[in-house]
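A.B. asks: Sequence:
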Amino acid sequence: MKDRELYEAALLYHREGMPGKIEVNLTKPCGTPKDLSLAYSPGVAAPSLEISKNGERVYEYTGKGNLVAVISNGTAVLGLGNIGAKASKPVMEGKCMLFKQMAGINAFDIEVDTEDVDEFVETVKMIAPTFGGINLEDIKAPECFEIERRLREELDIPVMHDDQHGTAIISSAALINSCILTGKKIEDVRIVVSGAGAAAIATARMFVHVGARRENIILCDSRGVVNRHRQGLTAEKAEFASDTDKSTLAEAIEGADVFLGVSKPGLLSQEMIRSMAAQPLVMALANPLPEITRDEALAAREDVIFASGRSDWPNQVNNLLGFPYVFKGALRVRAREINEEMKLAAAHALAELARKTIPGDLCKVLGNCGLSFGRDYLIPSPFDPRLRECVTDAVADAAVRSGVAQL
Numbered sequence: 074m075k076d077r078e079l080y081e082a083a084l085l086y087h088r089e090g091m092p093g094k095i096e097v098n099l100t101k102p103c104g105t106p107k108d109l110s111l112a113y114s115p116g117v118a119a120p121s122l123e124i125s126k127n128g129e130r131v132y133e134y135t136g137k138g139n140l141v142a143v144i145s146n147g148t149a150v151l152g153l154g155n156i157g158a159k160a161s162k163p164v165m166e167g168k169c170m171l172f173k174q175m176a177g178i179n180a181f182d183i184e185v186d187t188e189d190v191d192e193f194v195e196t197v198k199m200i201a202p203t204f205g206g207i208n209l210e211d212i213k214a215p216e217c218f219e220i221e222r223r224l225r226e227e228l229d230i231p232v233m234h235d236d237q238h239g240t241a242i243i244s245s246a247a248l249i250n251s252c253i254l255t256g257k258k259i260e261d262v263r264i265v266v267s268g269a270g271a272a273a274i275a276t277a278r279m280f281v282h283v284g285a286r287r288e289n290i291i292l293c294d295s296r297g298v299v300n301r302h303r304q305g306l307t308a309e310k311a312e313f314a315s316d317t318d319k320s321t322l323a324e325a326i327e328g329a330d331v332f333l334g335v336s337k338p339g340l341l342s343q344e345m346i347r348s349m350a351a352q353p354l355v356m357a358l359a360n361p362l363p364e365i366t367r368d369e370a371l372a373a374r375e376d377v378i379f380a381s382g383r384s385d386w387p388n389q390v391n392n393l394l395g396f397p398y399v400f401k402g403a404l405r406v407r408a409r410e411i412n413e414e415m416k417l418a419a420a421h422a423l424a425e426l427a428r429k430t431i432p433g434d435l436c437k438v439l440g441n442c443g444l445s446f447g448r449d450y451l452i453p454s455p456f457d458p459r460l461r462e463c464v465t466d467a468v469a470d471a472a473v474r475s476g477v478a479q480l
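Just add 73 to the spot in the sequence shown (first one is 1) and you have the working numbering.
Calculated directly from the structure, the hints in this document are not laboratory data.
Owing to the predicted nature of the structure, the values given are computational and were not obtained by experimental measurement.
Please note that a few of the clues may not be correct.
The calculated DSS-like cross-link candidates involving lysine-lysine, where the alpha carbons are at most 25 Å apart (straight line), are [claimed, not checked]: (1) Lys173 x Lys437; (2) Lys198 x Lys173; (3) Lys94 x Lys159; (4) Lys319 x Lys337; (5) Lys94 x Lys126; (6) Lys429 x Lys258; (7) Lys162 x Lys198; (8) Lys213 x Lys310; (9) Lys101 x Lys173; (10) Lys137 x Lys258; (11) Lys310 x Lys337; (12) Lys137 x Lys162; (13) Lys159 x Lys101; (14) Lys429 x Lys257; (15) Lys213 x Lys162; (16) Lys198 x Lys126; (17) Lys198 x Lys213; (18) Lys159 x Lys173; (19) Lys101 x Lys137; (20) Lys198 x Lys159; (21) Lys213 x Lys337; (22) Lys162 x Lys94.
Please model the entire structure based on the sequences and the hints provided.
C.D. replies: Here is the structure:
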C-alpha cells in the first residue's frame with residue numbers, strides 16, 4: 074500500500090476498540106434462570122433430539138440456514154499474493170462483514186493453514202455441518218479448481234469460490250450491457266483475456282454461457298497466446314487453447330471487441346487499444362493498478378467503454394455486487410449447490426438493474442443523480458439497495474427452476 078496515511082488509518086481502524094471487524098451477537102434472551110434452562114441445559118436437549126430424528130430440522134432449530142463460512146488458505150490474496158493463512162484473516166473478516174452488511178447473512182471466517190488440496194478439502198468437509206454455505210476465497214490456481222469441484226460434489230450445501238465466479242458474474246453483466254449499448258451480438262464479439270488464473274478461466278467460461286462463442290475467445294498468459302501449439306498446458310488452459318498462429322497479446326487484440334484483464338499493471342498499451350474494433354469494451358481489472366488506466370484508455374480513443382476494479386472510476390467490477398445475493402438466494406431456498414443457472418440469473422439481473430431508471434430517492438444514496446444506463450454506467454453501484462431484492466430473487470428462482478432447491 075503506497076499511501077502511508079491510508080495505511081496508518083487502516084491499522085487504526087482494525088486495532089481500536091475491539092480488534093477486528095466482526096463479533097457474535099445473541100438472537101435469544103439469556104438473562105434469567107429460565108432463559109438459561111431453555112438455551113442450554115436441560116432445554117437444549119429438545120432441539121438436539123429432534124435433529125437426531127430428522128437432520129433437516131437443524132435448519133429449524135439452529136442458525137445454520139443463514140450462516141456462511143468464508144474459508145481461505147491465504148495463497149492468493151488480492152494484490153498481496155501468497156501471504157499465508159494467518160495474514161489472510163483481516164481480509165476474510167472483511168468478507169464476513171460484507172455478508173452481514175449487504176445481505177443480512179451471518180458469516181464466520183476460517184483460515185486453513187495448508188496448501189495441500191486433500192488436507193484442505195477434508196478440513197472443509199469435516200466442518201461443513203455447521204454451515205448453510207461455503208464461500209471459498211483467495212486460493213491460488215490451479216488448486217482452487219480441484220478444491221471447488223470436489224467440495225461441490227461431496228457436500229450438499231452451496232459452495233462457491235468467489236474469486237472465480239464473482240468476477241465472472243459481474244464481468245458478464247458488463248459484457249451483456251456493452252453489447253446492448255453498442256448493438257453488437259454477443260455471439261459475434263471477439264474477446265481477448267489477459268491472465269489465465271482462476272478469475273480469468275471462470276469468466277471465459279461464463280462468457281460462453283451468456284452467448285459468446287468459444288472460438289472467439291483468445292486466452293493469454295505470461296508467455297503470450299495460449300494456443301494449441303503450446304505444450305504442458307493445464308486442463309483449464311487447454312480448454313481455451315486457440316487454433317491460431319498469433320503469439321502475443323498485441324497480435325491477439327487487433328480487431329478484438331472486448332479486452333478482459335485479470336493479470337498485472339501496464340500490460341495494455343494505447344496502441345493496442347487503437348487496434349481494437351469500434352466501441353471496444355476494455356475491462357482492466359488488475360487491482361489496485363490496472364492493465365491500463367482509464368485516462369490512458371480514453372486518450373487512446375474516445376469510443377472506449379472502460380471498466381476496472383477501482384471504486385474511484387465508473388463501472389467498477391466489484392464482487393460485492395454478486396456474492397452476498399447469490400448466497401442469499403441459495404440459502405433462501407436451501408439450494409444444494411450454486412449452479413450455472415443461478416450464476417447466469419445473477420448476471421442477467423445485474424445487467425437488467427443497470428438498465429432501469431434510478432428512482433429519485435436513491436440519488437443521494439448512490440451519490441450521483443446523473444446516473445443512467447450508458448458508457449459510464451454499465452453495471453449497478455454496489456450501494457444500490459435494490460440489489461438485495463432483484464439479484465436474490467433471480468438466484469432463488471433459478472435454483473427452483475433448475476431443481477437444486479429444497480424449499
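A.B. asks: Against this structure, judge whether each hint is valid.
C.D. replies: Structure-based check of each hint:
no.: 1; hint: Lys173 x Lys437; result: holds, 23 Å
no.: 2; hint: Lys198 x Lys173; result: holds, 24 Å
no.: 3; hint: Lys94 x Lys159; result: holds, 15 Å
no.: 4; hint: Lys319 x Lys337; result: holds, 21 Å
no.: 5; hint: Lys94 x Lys126; result: violated, 38 Å
no.: 6; hint: Lys429 x Lys258; result: holds, 21 Å
no.: 7; hint: Lys162 x Lys198; result: holds, 20 Å
no.: 8; hint: Lys213 x Lys310; result: holds, 15 Å
no.: 9; hint: Lys101 x Lys173; result: holds, 18 Å
no.: 10; hint: Lys137 x Lys258; result: violated, 43 Å
no.: 11; hint: Lys310 x Lys337; result: holds, 18 Å
no.: 12; hint: Lys137 x Lys162; result: holds, 22 Å
no.: 13; hint: Lys159 x Lys101; result: violated, 32 Å
no.: 14; hint: Lys429 x Lys257; result: holds, 20 Å
no.: 15; hint: Lys213 x Lys162; result: holds, 16 Å
no.: 16; hint: Lys198 x Lys126; result: holds, 22 Å
no.: 17; hint: Lys198 x Lys213; result: holds, 19 Å
no.: 18; hint: Lys159 x Lys173; result: holds, 22 Å
no.: 19; hint: Lys101 x Lys137; result: holds, 15 Å
no.: 20; hint: Lys198 x Lys159; result: holds, 21 Å
no.: 21; hint: Lys213 x Lys337; result: holds, 16 Å
no.: 22; hint: Lys162 x Lys94; result: holds, 10 Å
Figure legend: structure checked against the earlier numbered hints; hints not met, in rising order: 5, 10, 13.
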